[in-house]
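Taken in sequence, the protein lines are chains A and Y.
Letter by letter, the first sequence follows residues 952 to 1203 in the numbering used here.
Letter by letter, the second sequence follows residues 1469 to 1934 in the numbering used here.
Derived by calculation from the structure, the hints in this document are not laboratory data.
Only a predicted model underlies this, so the values are computations on that prediction, with no experimental measurement involved.
Warning: the hint list may mix true and false statements.
[Claimed, not checked] The calculated lysine to aspartate or glutamate pairs, modelled on DMTMM-like cross-linking and capped at a C-alpha distance of 25 Å, are:
#1 Y:K1572 to Y:E1520
#2 Y:K1572 to Y:D1811
#3 A:K1199 to A:E1179
#4 Y:K1572 to A:D1020
#5 Y:K1572 to A:D1069
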Amino acid sequence: MSESLVEAALQPGADVSTTDDAPDFCRSCALASVCAMVGYGKPELSPLHGLMEHLGPYRPGETVFRQGDSFDAVFAVRSGLVKTRQLDSQGREHVLGFFLPGEVIGLDAIYPNRFPCDAVALDDSQFCRFPFPAMSALATHQPAVQRHLFRLISRQLGMAWVMVGDHSADERLAAFLVNLGERYAARGFPETHFRLCMSRSDIANYLSLAAETVSRTLTRFRAQSLIEIRGHVLHLCDTPRLRELGRKLLAA
Amino acid sequence: MSHAIEIPEFDPALIARYDVAGPRYTSYPTAPHFRADFDERALRAAIRASNEEPIPRPLSLYVHVPFCVSPCFYCGCNRIITRDVGKADRYLERLYREIELVAKLFDRDRQVTQLHFGGGTPNFLDLARMQELMDVLARHFSFGNGHGREFGIEIDPRFADAGYIRGLGELGFNRISVGIQDFDPAVQQAVNRIQSVAQTREVLESARASGFRSASVDLIYGLPRQTVEGFERTLDEVAALAPDRVAVYAYAHLPEMFKAQRQIKAGELPDPATRLALIGRALARLGEAGYAYVGMDHFARADDELVAAQRAGTLQRNFQGYSTHGECDIVGLGVSAIGRIGDSYSQSARDLTGYYAALDNGRLPVARGLSLDADDLVRREAIGQLMCHGELDMPAFGEQHQLVFAEYFAAELGRLRALAGDGLVTLDEHRIRVTPRGRLLLRIVAMCFDAYLGRASSPARFSRAI
């Protein structure tokens, strides 16, 4: 799972609202403070203007980077949804995580300098690309940037969400939904009302469940008034009970 | 909650004033707006996306049997007149190929909860062929254990006896829809459909005895030589037959579009005043007999599940009219069949040549369709709510679709205000309500939300509102 990035708050007085057409996005982005620190949006103030570039939109199914590509940048999701995945020697897919707007992909590639997974857009998605050499150069001059990057990386390590344990489908799915809600909330979106845009086979793959089990479990949650769901639109009706159900995984 | 259960008010002058051509909104956008660039690839993508919903919808299968033994002159359906059962076998061969191709695109946990055979004349197929067709369907789709499933078939009673209906019951059918149109011999002769009350009764009684849960009959008003007296006798016969549902369709005389209708003498058609009197009598007589008016062409017994669904606010529009299974994806099978999968509509080739050519080359026979955009989806929902429940809660609708209703639909509300002036709807800040006066003019109300009407390039041709 990706980082939950509570340290997204802007530096006092920093002005990133002019950086692009989505100031709300920047306000909640995991890399917002990095942008703020380099004075992004005030190019005359910053020798490092041009550090970041906008990419996309990528269409659903398009790849942002591939497993084995040499690592040269990290990416903040500006809009859309991304999954990371690995393909095993038989070509079977293993979904590693989903990344929401404001979250950062590619941090796990710093060592060994190659991307360990593919990143695939699941929805129309846009990115801010931060070239890593420039970023690490920046980090050596700006201790605050360095601290921030270290926090993001260690956060992601700590979030390694072990799905191989002996957990029931109810526990896995409840934890998954509650975690998504928390991450949307951290980005300034509603916590209990969001689009579950990933496909059920990706959800199933990620949670190590059969696709039918994902649907059956959601149907049961709906019957128990834990959720409402219509197409991909999800409403968490009873987050406390869902959190209790997913307790073991959420605590991990 | 639905207020649509109110009895419609029949005002001939008002209805005559609004007697304009309009769609029946069994789909939105309506079929004339389907596009040829919706191809096999688009259909496969729509099916794939439907499999990937968190809880994929159950399936409703529509199977089209295009053959009829003899032509009814009023018919505007896609059908082929023949007595040659060999034609049916060549058709079934391709239909089985289509079933095999299409079924494997759907995930196996998607159960078929509804099945409908339409035509043409589905009972053109004898029991042995029916058995085979049902076996093929059951082999390729997931039919489940049968609990709560709804398997319906349209029957022409002139070509079905009690034994046949019993056989269908054994195959799992539990709903029957029987064409009557009119029992008046003069009308039957004029439309080339001679069908006795006794034949009709045999089929309906046999269906009941064979465990069918529901029977419906179709009538048509506006047919040649139809008189108020004759139609009243038909309505009395229908009340005595006591079907669960009755549909009363308006005959649309479009001989330039439907070749069979050229056999009908325009001079024998009832005049507008008689047409109004006919539908007026149908409303009155069916009401007396205990039928509730569901909307559009449809009546149902007060204890029928359609009426219950309307009360509960769960009724949906579909290609057969109204349905309690609106949550399904509809898979159209057979020539000219229309499907509704996820946010798409698709229709198969309308001629056997095109249908056979596609399947003989291993391709899905889709000829046209549409991927609905966000605006289409919002309008489909609004039209559906008005058609099914006769009212729309604007703030709730706006919240659900993340729009400000009064802004998004400013022009539409303007059009509705004009209808409100005639008493068809009432409007306040929260609610659009169709009044009892407006209930017979539902499609006029729905047309206010149709973004495809009035466009210069509009290819659509529709029958009259009443």
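Hint by hint, here is what the structure shows:
Only pairs whose Cα atoms come within 25 Å are accepted, and K1572 (chain Y) paired with E1520 (chain Y) is accepted, the gap being roughly 15 Å. The suggested pairing of K1572 (chain Y) with D1811 (chain Y) holds, with an alpha-carbon distance near 20 Å, which does not exceed 25 Å. Taking the CA atoms of K1199 (chain A) and E1179 (chain A), the gap is about 24 Å. The hint holds against a cut of 25 Å. A distance of roughly 36 Å separates the Cα atoms of K1572 (chain Y) and D1020 (chain A); the hinted pair therefore is violated under the 25 Å criterion.
For the given pair, K1572 (chain Y) sits about 29 Å from D1069 (chain A) by alpha-carbon distance, which is inconsistent with the 25 Å threshold.
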